[in-house]
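The residues making up each chain are set out below.
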Amino acid sequence: MKDGFRQSMAWLHTWLGLTFGWLLFAIFLTGTLAYFKDETSHWMQPEMSVRPLDPQASVTGAQAYLQKNAADASRWFISLPDAREPALSVMWQAAAKPGERGKFVEKLLDPQTGEEVQTRASSGGEFFYRFHFQLQMPHPWGRILATLAALVMFIGLITGIITHKKIFKDFFTFRPRKGQRSWLDGHNAVGVLVLPFHLMITYSSLIIFMSLVMPASIIASYGKDTQTFFKEVFPASDTATPTGQPGHLLPLAPFLEQARQHWTDGRVGRLTVNNPADVNSSINVFRDGADKIAHDFGSAVSFNGTTGQLLGVTPEQPLPMAIGGSFYGLHMGHFAGPMWRWVYFIFGLASTALIGTGLVIWLGKRALKHVNGVLPFELRLVQVLNIASMSGLVVAVAVFFWANRLLPLGLAERADWEVKSFFIAWGLGLLHAVLRPGRKAWVEQLGLAALLFAAVPLLNALTTPYHLANSLAQGDWVMAGFDLTCLGSGLFLAWAAWKMQRSGHAVASTQKQRAAPISLKQELN
Amino acid sequence: MKSKRPSLPVSYRLAVTSRVLAAAGGGYLVAALASVCISLLSPMTRAEAVVSGMMLSFVFYLLAVIWCFACRTAWQAWGGLLGVSLVLGAIDGVAYWMAH
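Chains A and B, in that order, give the protein sequences.
Using the working numbering, read the first sequence as starting at 526 and increasing by one per residue.
Using the working numbering, read the second sequence as starting at 111 and increasing by one per residue.
You can take every hint at face value.
Which chain B residues face chain A? A few, computed with CB under 8 Å, are given here:
no.	residue
1	A141
2	S145
3	V146
4	R156
5	A157
6	G163
7	M164
8	S167
9	F179
Since the hints were made in silico from the structure, they are not lab data.
Glycine included, C-beta positions come from ideal geometry on N, C-alpha and C.
Turn these sequences into a full structure, and let the hints guide you.
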């Protein structure tokens, strides 16, 4: 542009942040919640009892169930329960004509009995996880849009670093209670403080969907035969071809121990069985993703399903795949124990706050010129979208949890209704933001969110037998932790609502005095 | 910049639109061509080279977008991307022809 390089980058930073900020806020908040996906699911399906882990018994139960219900499927997937996920999950893909994709069916089993678990229908934490990269859109558009948002975030981070030249000096100058300037200081501090995390989480999301959004090099090297690429990158996905002759599948349980001998101190995460009813069946035993940071999709020990013969052990990943796998593993955080999971959660909130403060600054700076408080249309639009995308979303998350406890257990498509409640609440948040003056809308929505979150433990106690006293007495830290985290979030939101209410009075009295010094910094932002 | 917006001439807005299109479309082209270049020329197995090319492509996208907004005029933004695309495309073409 006509000004210097840094000014141009500041301009780009500002406008990318505004246009994608609302979407990015939703992606980062739901993605952050997804770090507690299994814990959220446990709270939302409390009927699922936690059993002592016994992989052998789980696999035997799963095999019996699949033999009975999905004998003619083309593939079985068995995911073993672990410390975070108490259910034994079985999934199968129906046999399909060549070139077509068979349908997937998933069931949750009790790992001890091998029976289907009778629990309330709920999308659980999986909803946040899916939403944060699929955005409730048809495949593959949600993933493409989410990846585009990630690219914008990446550019936003780099241009932010370029804009902000005195990055470490400024970091130590936080000026609280200075209105607009405090927001800017907060934006800078939260940006610099966990900058490696922002960069990692953003670049890794590009890498996760790179073959979807940037397939040119696959096509250049493999032509139409892109399947070969995926087989070379993920060797274990190469499935044996069925012969058409019926075969007898060996018991799966002994293969767990056999596979483990190929890994030093590794656990089994899941098994797949290809063509289980065919004489040419194969069993792939995959290592638990939580075993190490770098994720390796394709690593498996494979056996012939009818003879038990060892077919192969996937070799170590080559370096480029190991780098990609490390980014994937770091993004997902499967390896993280309770402490690191909390670190991930807090860092994720920091990224969300980075986006939120940016949106607030954009508007705050421009609203200052309209001292009488009446905003022109475009600023009012930004204000409404800010409110709906931030406090409205937080209310919707709380409503999602409330729906889980309040919707009748026998309701048809209950899990879908949870999700619908979420979007209805979000839509009402937008409507409310349109109808109410800016600051009042903020205060009311934050206040409502505070109330809904703080009352979650009470709601849980009134609607289920898994209340706080009970879960604490039983040492069910996941259940208790969820209740307590909601309570804590409620208190934080109440504080935010109170601050917003109070600063409303302060702004009205000192707006004129403040407008002058801010404009000095304005050209850079 | 933004403070003068109501009086901004149409030509300025068109120039910004032009830069945005150059950054989004031209940037993608540069990134894709660069990823093909890496995948065809780096001394690794086919799959490794393709994965490397895809992983690095986003850095080229970033640089292309920064270029589009850092240079003096929108014409320059297009010209630069076009030049880089032609060079990368030529390298890709030769490498593809040699590999097949």
